[in-house]
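Enquirer: Given the coordinates of chain S, work out where chain D should sit on it, guided by the hints.
Protein chains: 2
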Amino acid sequence: MQVAGEMIIGGKALTGKEGTIKAIDPSRNAEIEPAFGLASAADLEQAAQLADAAFDPYRNTSLEVRAKFLETIADRIMDLGPALIERAMQETGLPQARLEGERGRTVNQLKLFAKVVRDGRFQSATLDSALPERTPPRPDLRLRKIGLGPVAVFGASNFPLAFSVAGGDTASALAAGCPVIVKAHSAHLGTSELVGKAVAKAVEESGLPAGVFSMIIGSGQTVGQALVSHPAIKAVGFTGSRAGGLALMKTAAERKEPIPVYAEMSSINPVFLLPGALANDKLPQAFADSLTMGAGQFCTNPGLLIGIKGDKLQAFVDATAGTIGAKAASTMLTPGIHKAYLSGVKNLAGVDGVQQVAAGQGTEAPCAAQAFLYQVPAKKFLADDKLEGEIFGPTSLLVVAEDEAELLAVANHVEGQLTGAVHATADDRDLAARLLPILERKVGRILFNGFGTGVEVAHAMVHGGPFPSTSDSRTTSVGASAIDRFLRPVSYQDVPSYLLPTSLADDNPEKLPRIVNGDLVWNA
Amino acid sequence: MQVAGEMIIGGKALTGKEGTIKAIDPSRNAEIEPAFGLASAADLEQAAQLADAAFDPYRNTSLEVRAKFLETIADRIMDLGPALIERAMQETGLPQARLEGERGRTVNQLKLFAKVVRDGRFQSATLDSALPERTPPRPDLRLRKIGLGPVAVFGASNFPLAFSVAGGDTASALAAGCPVIVKAHSAHLGTSELVGKAVAKAVEESGLPAGVFSMIIGSGQTVGQALVSHPAIKAVGFTGSRAGGLALMKTAAERKEPIPVYAEMSSINPVFLLPGALANDKLPQAFADSLTMGAGQFCTNPGLLIGIKGDKLQAFVDATAGTIGAKAASTMLTPGIHKAYLSGVKNLAGVDGVQQVAAGQGTEAPCAAQAFLYQVPAKKFLADDKLEGEIFGPTSLLVVAEDEAELLAVANHVEGQLTGAVHATADDRDLAARLLPILERKVGRILFNGFGTGVEVAHAMVHGGPFPSTSDSRTTSVGASAIDRFLRPVSYQDVPSYLLPTSLADDNPEKLPRIVNGDLVWNA
Chain S
1 MQVAGEMIIG
11 GKALTGKEGT
21 IKAIDPSRNA
31 EIEPAFGLAS
41 AADLEQAAQL
51 ADAAFDPYRN
61 TSLEVRAKFL
71 ETIADRIMDL
81 GPALIERAMQ
91 ETGLPQARLE
101 GERGRTVNQL
111 KLFAKVVRDG
121 RFQSATLDSA
131 LPERTPPRPD
141 LRLRKIGLGP
151 VAVFGASNFP
161 LAFSVAGGDT
171 ASALAAGCPV
181 IVKAHSAHLG
191 TSELVGKAVA
201 KAVEESGLPA
211 GVFSMIIGSG
221 QTVGQALVSH
231 PAIKAVGFTG
241 SRAGGLALMK
251 TAAERKEPIP
261 VYAEMSSINP
271 VFLLPGALAN
281 DKLPQAFADS
291 LTMGAGQFCT
301 NPGLLIGIKG
311 DKLQAFVDAT
321 AGTIGAKAAS
331 TMLTPGIHKA
341 YLSGVKNLAG
351 VDGVQQVAAG
361 QGTEAPCAAQ
371 AFLYQVPAKK
381 FLADDKLEGE
391 IFGPTSLLVV
401 AEDEAELLAV
411 ANHVEGQLTG
421 AVHATADDRD
431 LAARLLPILE
441 RKVGRILFNG
451 FGTGVEVAHA
461 MVHGGPFPST
471 SDSRTTSVGA
481 SAIDRFLRPV
491 SYQDVPSYLL
501 PTSLADDNPE
511 KLPRIVNGDL
521 VWNA
Chain D
1 MQVAGEMIIG
11 GKALTGKEGT
21 IKAIDPSRNA
31 EIEPAFGLAS
41 AADLEQAAQL
51 ADAAFDPYRN
61 TSLEVRAKFL
71 ETIADRIMDL
81 GPALIERAMQ
91 ETGLPQARLE
101 GERGRTVNQL
111 KLFAKVVRDG
121 RFQSATLDSA
131 LPERTPPRPD
141 LRLRKIGLGP
151 VAVFGASNFP
161 LAFSVAGGDT
171 ASALAAGCPV
181 IVKAHSAHLG
191 TSELVGKAVA
201 KAVEESGLPA
211 GVFSMIIGSG
221 QTVGQALVSH
231 PAIKAVGFTG
241 SRAGGLALMK
251 TAAERKEPIP
261 VYAEMSSINP
271 VFLLPGALAN
281 DKLPQAFADS
291 LTMGAGQFCT
301 NPGLLIGIKG
311 DKLQAFVDAT
321 AGTIGAKAAS
331 TMLTPGIHKA
341 YLSGVKNLAG
351 VDGVQQVAAG
361 QGTEAPCAAQ
371 AFLYQVPAKK
381 FLADDKLEGE
391 IFGPTSLLVV
401 AEDEAELLAV
411 ANHVEGQLTG
421 AVHATADDRD
431 LAARLLPILE
441 RKVGRILFNG
451 FGTGVEVAHA
461 MVHGGPFPST
471 SDSRTTSVGA
481 SAIDRFLRPV
491 SYQDVPSYLL
501 PTSLADDNPE
511 KLPRIVNGDL
521 VWNA
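Protein sequences, first through last, are from chains S and D. Note that full-length UniProt numbering numbers the first sequence so that position 22 is 22, with each residue one more than the last. Note that full-length UniProt numbering numbers the second sequence so that position 285 is 285, with each residue one more than the last.
In short, the hints are calculated from the structure, not lab data. There could be a bad hint or two in this list.
The list treats identical chains as interchangeable, and a pair is accepted whether it falls inside one copy or across any two copies.
Computed cross-link-like contacts, DSBU-like style, restricted to lysine-lysine with a CA-CA straight-line distance of at most 35 angstroms [claimed, not checked]:
| id | residue 1 | residue 2 |
| --- | --- | --- |
| 1 | Lys339 | Lys256 |
| 2 | Lys256 | Lys379 |
| 3 | Lys339 | Lys327 |
| 4 | Lys12 | Lys346 |
| 5 | Lys312 | Lys282 |
| 6 | Lys256 | Lys309 |
| 7 | Lys386 | Lys250 |
| 8 | Lys111 | Lys511 |
| 9 | Lys256 | Lys346 |
| 10 | Lys380 | Lys256 |
| 11 | Lys68 | Lys309 |
| 12 | Lys12 | Lys115 |
| 13 | Lys511 | Lys115 |
| 14 | Lys309 | Lys111 |
| 15 | Lys346 | Lys111 |
| 16 | Lys68 | Lys312 |
| 17 | Lys282 | Lys379 |
Looking at chain S on its own, in the form it has when it is part of the complex (with noise of 0.2 angstroms):
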């Protein structure tokens, strides 16, 4: 399929009139064919009305034709073939097994949420029987969830697939019957509209109404801002800069109508380096795998590591120069990302305080990523908050503490975050035991003995945390409860049978598992 330099409204491709737009290869810094013509209002507004017409139809389906939606949009994914990983390549700078990987997550993504679909437990049947002998007569109650209304979905730029057209979001919300329009990310339009059309086209397949699936070409700070303030539009999916979410947010919340805000924004994921993990030769070229995988350009790359000042320290620091000198430099996604990756460190080796201890390989190439490690004592550290700055991209800040104490002073000082790792032995069970519970009020996922990159698309995973790492702790954008997200309950009391939900009836022809009276029945 050739790349056209369209979007997609409600099923339809068109090429926007509002001026026109190009990908950017980063690796040779040079545009690539073709133009992409931007959405006007007009286009917005067709999007807004064809979702908000779509969702009683679509959130009415049954929960087989939902399902099925998912895994078709997976197989239209597939058959896309070579083309869609070419393109990405190009658009991005990310290397053909990385791609592939990706896509094979997003295809398992969609799959998972049509298993979650298909399970039906997300919609949290409950019922409560009537007591009409009782004073006051008890009504008949059930609840159940239904989706929010149309969700508007902006991509990452740092997953061209599994964060972006057909990723986590809009496959979460798909799920949970809500019409999605998503923003295309600049980084990879070519990308964005071969995955569109594959949507677009499961969407007809599955015999659904066409407003059930949009994606429109424009910036974030004019078409992006009015899809989230458009009345139609009752929740938003983000992955992206703090000031991209924080934006948004205010938006959301300014709106006559506040919608929630899913942003996924910052987070340098502090690494814990406990004194009986410093024993461990495996870890200095673990972390500097880790560091530099993508060109460390994950939310979940471990950007902070800290540790108490010694001799093990010390050894550990040295063997990871080397193992980060080893590493050749990468390109990055964009050039704006490169350039502030540069800006990042520069700003950060300024530091009065701050000391470089560790520089991978350098290059010429554009848009390419050298990989540093910096340190810094904890007294500095606390005192300034400069340095918990996010610098995307592989270079990470070791943190020296002069003792236990002020190792989990580093840790109550720093703000939330998506992951806190910890690296320790079972001679580090009493450091562990009192970090813990400090890292349970501060991140989403604890993770020991490893690293936050790879984020596994499971039903126990959290990818969010506290803010600012993301807008709501509450939820996850990574995994099946993700789907909770676009939910909200409802409850009917005294309704007749033939008007109640399938996930409500007396007789359970869906075999859910529900909550009646109060207790768990499972009739499975």
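Expert: Only chain D this time, still in chain S's reference frame:
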């Protein structure tokens, strides 16, 4: 127990030094002794610091300790005996039977949450097994929900017990493992003191850290806003006016770390009278009873009726003139609420096209409210958003539609509501089926052949709804799932067994139903 004019900070009763206020007996419009001291910024700071310090030890108590604590609060409230009811009657003008019923509800809510805590399902325990042979290997992942942190609770004027110091928000936050700081409502200061001391006694008897509960006295605009701004506070529960709720939402959104606000604000609870149901000759009495119960001071009061023009509707109106006409005026909660009621009725009566069709009995008693029913053509209602404003008290507006299409247009037009009622018989089946999906998008609870007043504390209850009825349609403030508001998920990856919480242990000692590799596993 004497009312002493005190607040409670971390278990200690003390008298604020920032001025005084007194409670008011609305039936006499006269002050009641004693004076209550107002909290200083330092008092608030102390309560917040104690709550923060209490969070870790409290959330890590066993489920049994936490459940027993909630039951002990219920016992200590009952121990207050008639003194509590007498003081509440004086402060609110509500009759003894109503307050005794409300006390029963308050105590039952605490006991329901004790059951929810013991059940343990609220933790959403979820496990995914490690797959070490997979490429890449899958880690061991386990998820549970924990409390958000200290919660600020703002009680309602209209439920001095069930939505106040130890009401639904407090009970559900404590159940979730969150310390609570209540800002006492100025409409029932003595009632608040008595209940606050009962809670403090239960904290002490249960051997919990004193910071688990504080109750401060002060103005909403200063102390209340300062409480919501405090960094230690991680969520807010509020029941009250739309202006009050919006102000707290704004403060919470503008914090350095924004926090969730669960504000239950205003609702006019549309009641759709479908043609077949108008033949029910009990309807006029049932409506008048619901309208005037508790002087109409319920968030679920039927403030809007919608019917289709014709002889049957006219017969309903004529009969309702009689049933409302027989209703005596009754004392409202505060002089301020009474004044706002008079002004709301006057404004409604002054709108061109609005016509009074029923009036209850008048009175000269202070703060007593006369009931009214007004009527307006649907075209007029659809054109004037002011007619949708809540009048807190026993006044309702009948919207007369020309036909079914206009009735459905009114349903589509109204703002988000707590409840939507449909009066219908089998003859109305087609129209009811068209109305239902509209109501699903507009309200939290759909009820048939009844009125929204009387909110059952049950598992399938939703007391919530789309904005502006609440700030967050994803939740309920009444019923078992109210606990979900104060929880967030944490994922544990490869965490050693000796550090795992009990709910995630391999041997499942609490016999929780858990999701294991995507399937519900239940050992009960």
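Enquirer: For each hint, tell me whether it holds in the structure or not.
Expert: Outcome of the hint check:
1. Proximity of lysine 339 and lysine 256 under a CA criterion of 35 angstroms is satisfied inter-copy only: 28 angstroms between copies versus 38 angstroms inside one chain copy.
2. Proximity of lysine 256 to lysine 379 under the C-alpha cut-off of 35 angstroms is restricted to the inter-copy arrangement: shortest distance 23 angstroms between copies versus 46 angstroms within a copy.
3. With identical chains, the CA atoms of lysine 339 and lysine 327 are at most 35 angstroms apart within one copy only, with a shortest distance of 20 angstroms there and 74 angstroms across copies.
4. Taking CA atoms no more than 35 angstroms apart as the test, lysine 12 paired with lysine 346 passes in neither setting, with 46 angstroms inside one copy and 53 angstroms between copies.
5. Taking the closest pair of Cα atoms, lysine 312 and lysine 282 come within 35 angstroms of each other only inside a single copy of the chain (14 angstroms); across copies the shortest separation is 83 angstroms, beyond that limit.
6. Taking the shortest alpha-carbon separations for lysine 256 and lysine 309, only the inter-copy value of 32 angstroms comes in at or below 35 angstroms, while the best intra-copy value is 54 angstroms.
7. When the C-alpha separation of lysine 386 and lysine 250 is checked against a cutoff of 35 angstroms, the pair qualifies both within a copy, at 23 angstroms, and between copies, at 27 angstroms.
8. Taking CA atoms no more than 35 angstroms apart as the test, lysine 111 paired with lysine 511 passes in both settings, with 21 angstroms inside one copy and 30 angstroms between copies.
9. Taking the closest pair of Cα atoms, lysine 256 and lysine 346 come within 35 angstroms of each other only across two copies (27 angstroms); inside a single copy the shortest separation is 43 angstroms, beyond that limit.
10. Taking the closest pair of Cα atoms, lysine 380 and lysine 256 come within 35 angstroms of each other only across two copies (22 angstroms); inside a single copy the shortest separation is 44 angstroms, beyond that limit.
11. With identical chains, the CA atoms of lysine 68 and lysine 309 are never at most 35 angstroms apart, being 56 angstroms at best within one copy and 46 angstroms at best between copies.
12. Taking CA atoms no more than 35 angstroms apart as the test, lysine 12 paired with lysine 115 passes inside one copy only; the shortest distance there is 29 angstroms, against 53 angstroms between copies.
13. Within a single copy, lysine 511 and lysine 115 get their C-alpha atoms as close as 15 angstroms, and across copies as close as 26 angstroms, so both meet the 35 angstroms cut-off.
14. Taking the shortest Cα distances, lysine 309 and lysine 111 never come within 35 angstroms of each other, neither inside one copy (47 angstroms) nor across copies (52 angstroms).
15. For the homomeric pair lysine 346 and lysine 111, neither the shortest alpha-carbon distance inside one copy (43 angstroms) nor that between copies (59 angstroms) is at most 35 angstroms.
16. In the homo-oligomer, the alpha carbons of lysine 68 and lysine 312 never lie at most 35 angstroms apart, since the shortest distance is 55 angstroms inside one protomer and 48 angstroms across protomers.
17. In this assembly of identical chains, lysine 282 and lysine 379 lie within 35 angstroms of each other by CA distance solely inside one copy; the values are 29 angstroms within and 75 angstroms between copies.
The structure is inconsistent with the numbered hints 4, 11, 14, 15, 16, although it conforms to all the rest.
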